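We have chain Z already, so just place chain S on it with the hints.
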Amino acid sequence: MKIGKTNINPTKIICLGRNYLDHIKETNSPIPTEPVFFAKTVNTLVTNGGNIIYPNVLSSNKDYNKVDHEVELAFIIFQTCKNVSAKRAYDYIRGYTIFLDITARSMQKSDRMINLPWYRSKNFDTFGPIGPRIVPCSEIADPHNLNIQLKVNENIKQFSNTKHMLFKIPEILEYISKYVTLVPGDIVATGTPSGIGSILPGDILEASIEKIGTITHKVILEEI
Amino acid sequence: MKIGEITINPTKIICVGTNYMDHIEETKLDVPKEPVFFPKTLNCLIKDKEPIIYPTFLYNNPKINRIDYEVELAFIIKDTCKNVSLNKAYEHILGYTIFNDITARKMQIKDILSKLPWFRSKSFDTFAPIGPRILTHPEIGDPHNLKIKLKVNGNLKQNSNTKNLLFKVPDLMEYITKFFTMEAGDIIATGTPGGIGPIKPGDLIEASIEKIGTLTNEVILEKELN
Numbered sequence: 001m002k003i004g005k006t007n008i009n010p011t012k013i014i015c016l017g018r019n020y021l022d023h024i025k026e027t028n029s030p031i032p033t034e035p036v037f038f039a040k041t042v043n044t045l046v047t048n049g050g051n052i053i054y055p056n057v058l059s060s061n062k063d064y065n066k067v068d069h070e071v072e073l074a075f076i077i078f079q080t081c082k083n084v085s086a087k088r089a090y091d092y093i094r095g096y097t098i099f100l101d102i103t104a105r106s107m108q109k110s111d112r113m114i115n116l117p118w119y120r121s122k123n124f125d126t127f128g129p130i131g132p133r134i135v136p137c138s139e140i141a142d143p144h145n146l147n148i149q150l151k152v153n154e155n156i157k158q159f160s161n162t163k164h165m166l167f168k169i170p171e172i173l174e175y176i177s178k179y180v181t182l183v184p185g186d187i188v189a190t191g192t193p194s195g196i197g198s199i200l201p202g203d204i205l206e207a208s209i210e211k212i213g214t215i216t217h218k219v220i221l222e223e224i
Numbered sequence: 001m002k003i004g005e006i007t008i009n010p011t012k013i014i015c016v017g018t019n020y021m022d023h024i025e026e027t028k029l030d031v032p033k034e035p036v037f038f039p040k041t042l043n044c045l046i047k048d049k050e051p052i053i054y055p056t057f058l059y060n061n062p063k064i065n066r067i068d069y070e071v072e073l074a075f076i077i078k079d080t081c082k083n084v085s086l087n088k089a090y091e092h093i094l095g096y097t098i099f100n101d102i103t104a105r106k107m108q109i110k111d112i113l114s115k116l117p118w119f120r121s122k123s124f125d126t127f128a129p130i131g132p133r134i135l136t137h138p139e140i141g142d143p144h145n146l147k148i149k150l151k152v153n154g155n156l157k158q159n160s161n162t163k164n165l166l167f168k169v170p171d172l173m174e175y176i177t178k179f180f181t182m183e184a185g186d187i188i189a190t191g192t193p194g195g196i197g198p199i200k201p202g203d204l205i206e207a208s209i210e211k212i213g214t215l216t217n218e219v220i221l222e223k224e225l226n
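Top line first, the protein sequences correspond to chains Z and S. Note that our numbering numbers the first sequence so that position 177 is 177, with each residue one more than the last. Note that our numbering numbers the second sequence so that position 214 is 214, with each residue one more than the last.
Quick caveat, the hints were computed from the structure, so don't treat them as lab data. Hints are supplied without guarantee of correctness; some may be wrong.
[Stated by the list, open to error] Think about it this way: if two alpha-carbon atoms lie no more than 30 angstroms apart in a straight line, the pair counts; the simulated DSS-like pairs of lysine-lysine are: (1) K109(Z) - K28(S); (2) K2(Z) - K178(S); (3) K82(S) - K200(S); (4) K115(S) - K147(S).
All values derive from a computational prediction rather than experimental measurement.
If we strip away everything but chain Z, and leave its shape as in the complex, we get (with noise of 0.2 angstroms):
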């Protein structure tokens, strides 16, 4: 896929949970003592001003027809890596890239509750907006210092800064490397600041964040 000019291959999409403090107090979640990662597909993957699909499977059922925004910083693998150590992780880094962890909240809360995976929650089509385009790491100088926000129809839902992360990138790499190799092109999201909220069709959402720019989706509902 072709993310602004660079093209990429991903494999695989690690997204990191609670790791925004503001967002950790208003989900009335434990804070962590390593980071909490799962996994999306590719199939989720959309790229900036391509339309994210409301699936009808959740608009036709009262029980989980909520469906949230969460906007994230993701970085993207440059080479091949296991066991990176944190103070060479930036080496393993092509770029950054914003991203939006799209996600069924009602099924993911009753799925979570009965201590079922919660994995269908959060890989409809459509439910991993990315872009606009890549960043070198040689053009952000410290991606714990930018500005992230949401705005749903204009109005801003989600204003943080990534100094506000709990586990930073290089602690990331680190602990995700240790569980799986990683391969160029695959894309690592470090999770979500406070804000988080639902969205309908024929909204219009635009993720930012500093010196990376905005992705705009529309909202729409699944024909069938």
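Then chain S, alone, in the frame of chain Z:
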């Protein structure tokens, strides 16, 4: 990757949990009303005869040091599909193979009880042996009448039949494709029967399904590679 004579390029692996009654009873889980599924990432895949690498940081930590085998029938997607109906399910299946859903069990249980995602316990490198070949749909006939078993060091540990699947292959296709688009080469593992148990470095794991063959993998400790 090449499985037997057939090359596939999977973009995702979807695993079905709690899909054999005997396994549901042994894990004391509720009988699901609809299929339960989770992903494994592609770094997990290894082929017949390749080693399962036992992560050193699990081995050295008694709180999380348990890894289990789970033999499963897997099917491979033939073409891009979404919202597949039951009666068209087989048209989108390339064939069948054996899959071993290796699981860091103590870590999984700990994460479940903490309401955390249990992705990490399932997706270490080499935690998804697959093969030794893909048998096409016409060759297999009925995928719901195949003996399935697993041996550790020659001792029979799992022994069942795919007729005991709670949700059948067409049910799984219909259900999963309501959620997302499947691509050619994608892998769906249909769940494991009863008899799950631990493995340790040095063990030889043989997973067999009638008509398909046997998938053999040795377990080695991570540091032994260096």
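Hint check:
no. : hint              : result
1   : K109(Z) - K28(S)  : holds, 22 angstroms
2   : K2(Z) - K178(S)   : holds, 27 angstroms
3   : K82(S) - K200(S)  : violated, 40 angstroms
4   : K115(S) - K147(S) : violated, 35 angstroms
Violated hints, in rising order: 3, 4; the structure is consistent with all others.
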